[in-house]
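Protein chains: 2
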Amino acid sequence: MQFVANINIMPIKEILDPQGKAVKLGLHNLGIDQVDDVRIGKHITIRLEAADAAEAESKVKTACEKLLANLIMEEFTYDIQPA
Amino acid sequence: MQFVANINIMPIKEILDPQGKAVKLGLHNLGIDQVDDVRIGKHITIRLEAADAAEAESKVKTACEKLLANLIMEEFTYDIQPA
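Protein sequence lines correspond, in order, to chains P and X.
Per my numbering, the first sequence starts with residue 1, numbered consecutively.
Per my numbering, the second sequence starts with residue 1, numbered consecutively.
It is worth saying that the hints were derived from the structure and are not from the lab.
Each statement offered as a hint is correct.
Here are the computed lysine-lysine pairs in the PhoX-like style, where the Cα-Cα straight-line distance is at most 20 Å: (1) K24(P) x K42(X); (2) K61(P) x K24(X); (3) K21(X) x K66(P); (4) K66(X) x K21(P); (5) K42(P) x K24(P); (6) K42(X) x K13(P); (7) K13(X) x K24(X); (8) K42(P) x K61(P); (9) K24(P) x K61(X); (10) K42(P) x K42(X); (11) K61(X) x K21(P); (12) K42(X) x K61(X); (13) K21(X) x K61(P); (14) K13(X) x K42(X); (15) K66(X) x K24(P); (16) K66(P) x K42(P); (17) K13(X) x K42(P); (18) K66(X) x K42(X); (19) K21(X) x K42(P); (20) K66(P) x K24(X); (21) K21(P) x K42(X); (22) K42(P) x K24(X).
For clarity, every value in this text was computed on a predicted model and none was experimentally measured.
Start from the sequences, fold in the hints, and give me the full structure.
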């Protein structure tokens, strides 16, 4: 079965996000005010084969923990759907 | 009213995604096989004030078109929820 995983990897709350701060300033210069907070992370889409949803989830979780996210500075969320 | 916008900015399908290709290879080296496709983009969370949902959406759309996404190479999707 084919599954599609949508993964978001974001800087954890305790960590400053200078890229987000720069975008907030950019939005202000563009005339978009009343922006309280901007945080920027990665969005990753993985299309993979797995026997069932549990196997797909185990693969995606391993991928996030071992390769995609730096768990000291980032946290990840994902959802997995059959393709 | 406060709203939270979740924005995904992804490379368009017609464009090669070398970062995604590198991650696919990395997953293979990690023992995670049967991965068909990996694409990597940005995930942006914006917390903003707006009078109503329509105003919030207009702000977020302008931000995506004018600042966040390069529409020649990227496409964006967003959803906006009251905070």
